[in-house]
Amino acid sequence: MNPPDLLVICASALIAVFFLLTLLAVVMRLLMAVYPAKVEGIEPATLAAVAAAAAFAFPGTRVTNVEEIR
Amino acid sequence: MDILIQLFEQSGVANLSIGNLVMFVVAGILIYLAVTKNYEPLLLIPIGFGAILANLPLADMGSYGDGIMAVIYDAGIRTELLPPLIFLGVGVLTDFRPLLARPLTFLLGAAAQLGIVAAALGAFYLLGFTAREAAAIGIIGGADGPTSIFLTIQLAPHLLGAVAVAAYSYMSLVPIIQPPILRLLTTKKERGIDMPQALPVSKTAVILFPLLTGLIASLAVPSSAPLIGMLMFGNLIRESGVTERLRKTAGGAMIDIVTILLGIVVGATMGAENFLTYQTVLILILGAVAFAFSTAGGIILAKIINLFLGEGKKINPCIGAAGVSAVPMSARVVQQFVSQETGGRVNPIMPAMGPNVAGVIGSAVAAGVFLSMLL
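Protein sequence lines correspond, in order, to chains V and L. Residue numbers for the first sequence follow my numbering, beginning at -17 and rising by one. Residue numbers for the second sequence follow my numbering, beginning at 669 and rising by one.
Derived by calculation from the structure, the hints in this document are not laboratory data. Treat the hints with care, as some may be off.
Straight line, CA to CA, 27 Å or less: simulated DSSO-like cross-link-like pairs of lysine-lysine [said to hold, decoys possible]: (1) V:20 to L:981; (2) L:982 to L:857; (3) L:871 to V:20.
Beyond 10 Å from chain L on every Cβ pair, some chain V residues (computed) [claimed, not checked]: (4) -6; (5) -4; (6) 37; (7) 43.
Ranges between beta-carbon positions, derived for each pair [unchecked claim]: (8) L:690 to V:18: 23 to 29 Å; (9) V:4 to L:946: 17 to 23 Å; (10) L:917 to V:25: 29 to 35 Å; (11) L:887 to V:17: 19 to 25 Å; (12) V:31 to L:976: 38 to 44 Å; (13) L:1013 to V:32: 41 to 47 Å.
Please read these numbers as outputs of a predicted model, since none were measured by experiment. Positions of the beta carbon are idealized from the N, C-alpha and C atoms, including for glycine.
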């Protein structure tokens, strides 16, 4: 049997790479939907530091909520 | 007096050829780039010194002789053992979270394999290389040294020195090759796209990733299993959190030892008679073409994807350039380029790591397909 033309081989390689990585992307997206990351609360030490810094900069200010944006 | 003359005639000095001297200069350039420019020093120094050893007349220090280099070459390269071991170490050292956090960037890692195809077709149809040689040359576009060595040793072992040197040299020259292409293919507005927040990644997903990827990729393209299987095994060691000793060894002493052996023995394939050929010049040119096409492929696909994404969800097309799997050099180049262009406002190092590590998987899969269809 003659080996296939290199053009066919290259096209196959590119299609295989795209197909496989797309499949992996979908699988990983599903995986993350099934196993979502637990959002951890802010550490008490961080809360205290933020409150102290805000009180220093703006005396009398009371910090009611600290949100971490990743 | 006769004894002295006889001694001189048996010395390396008397047997030095012009080719040997040229190779000393080539080796010197590789070592110079490593030492003064810090370009891939862990590989260019062993390769450069290996090239010097291979060109010592009568010393039998080339990989194709009967000396100690040939022993390492036969045991570690001809058997295809060392590249998968490097992949094991790379798996231990690679954090796939940036990829998992933005699954879309898997596609950019795929598009950045375009250079493999471009260089292979150019080598075959324009320059008269055989199909096997063309595939080995094309894989330079994957920007992955171990993958290039793994494929070349099976398809075109006589080109190993030139392909390996081209792959590692261009990997080290990513900071010079990629910025002009980034500037050419992106607008100022596109460079300034600040990407949306990444998805948070759970510990379970991080542990399941190497298991599923190893299984899926190896079942789909079995000939890529030595590379992807070892890469994912290494990553599982890293992420499981219960194999600290194995993680330290595979990501430290083991990968260092394998890198030394692989580097010096690849350098030792660069005997003047094998390396100083017209083919080597063509391979170096095709390597540059491959890198350029791979970089462009990633950027262009990112721009196409952006056509379908709403405002606020668009991706910075520059991160597509990081799909060439020179990890983490390519992602750093993208970060530096975008940061400079935006005055430090946009810093896409983490988004760029996604396509960067996807490119490692992509080039290994492409190599696997070449092996299945050409061996």
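Okay, the hints, checked on the actual structure:
Only pairs whose Cα atoms come within 27 Å are accepted, and residue 20 (chain V) paired with residue 981 (chain L) is accepted, the gap being roughly 23 Å. Restraint check for residue 982 (chain L) and residue 857 (chain L): satisfied, since their Cα atoms lie roughly 12 Å apart, inside the 27 Å limit. For a cut-off of 27 Å, the pair hint linking residue 871 (chain L) to residue 20 (chain V) stands: about 9 Å separates their Cα positions. With a minimum CB-CB distance of about 6 Å to chain L, residue -6 (chain V) fails to clear the 10 Å threshold, and the non-interface call is violated.
Its closest Cβ contact with chain L, about 5 Å, brings residue -4 (chain V) to no more than 10 Å, contrary to its assignment away from the interface. The claim that residue 37 (chain V) lies off the interface holds: its Cβ sits roughly 29 Å from the closest Cβ of chain L, which is beyond the 10 Å cut-off. Taking the minimum C-beta to C-beta distance to chain L, about 27 Å, the non-interface status of residue 43 (chain V) holds against the 10 Å cut. Evaluation of the 23 to 29 Å hint for residue 690 (chain L) and residue 18 (chain V) yields a failure: the beta carbon distance comes to about 60 Å.
Checked against the hint of 17 to 23 Å, the C-beta distance between residue 4 (chain V) and residue 946 (chain L) comes to roughly 40 Å, which is inconsistent with it. At roughly 33 Å, the beta carbons of residue 917 (chain L) and residue 25 (chain V) sit within the given window of 29 to 35 Å. Checked against the hint of 19 to 25 Å, the C-beta distance between residue 887 (chain L) and residue 17 (chain V) comes to roughly 22 Å, which is consistent with it. Taken as a hint, the range 38 to 44 Å holds for the pair residue 31 (chain V) and residue 976 (chain L), whose Cβ atoms sit roughly 43 Å apart.
Checked against the given bound of 41 to 47 Å, the beta carbons of residue 1013 (chain L) and residue 32 (chain V), roughly 25 Å apart, lie outside it.
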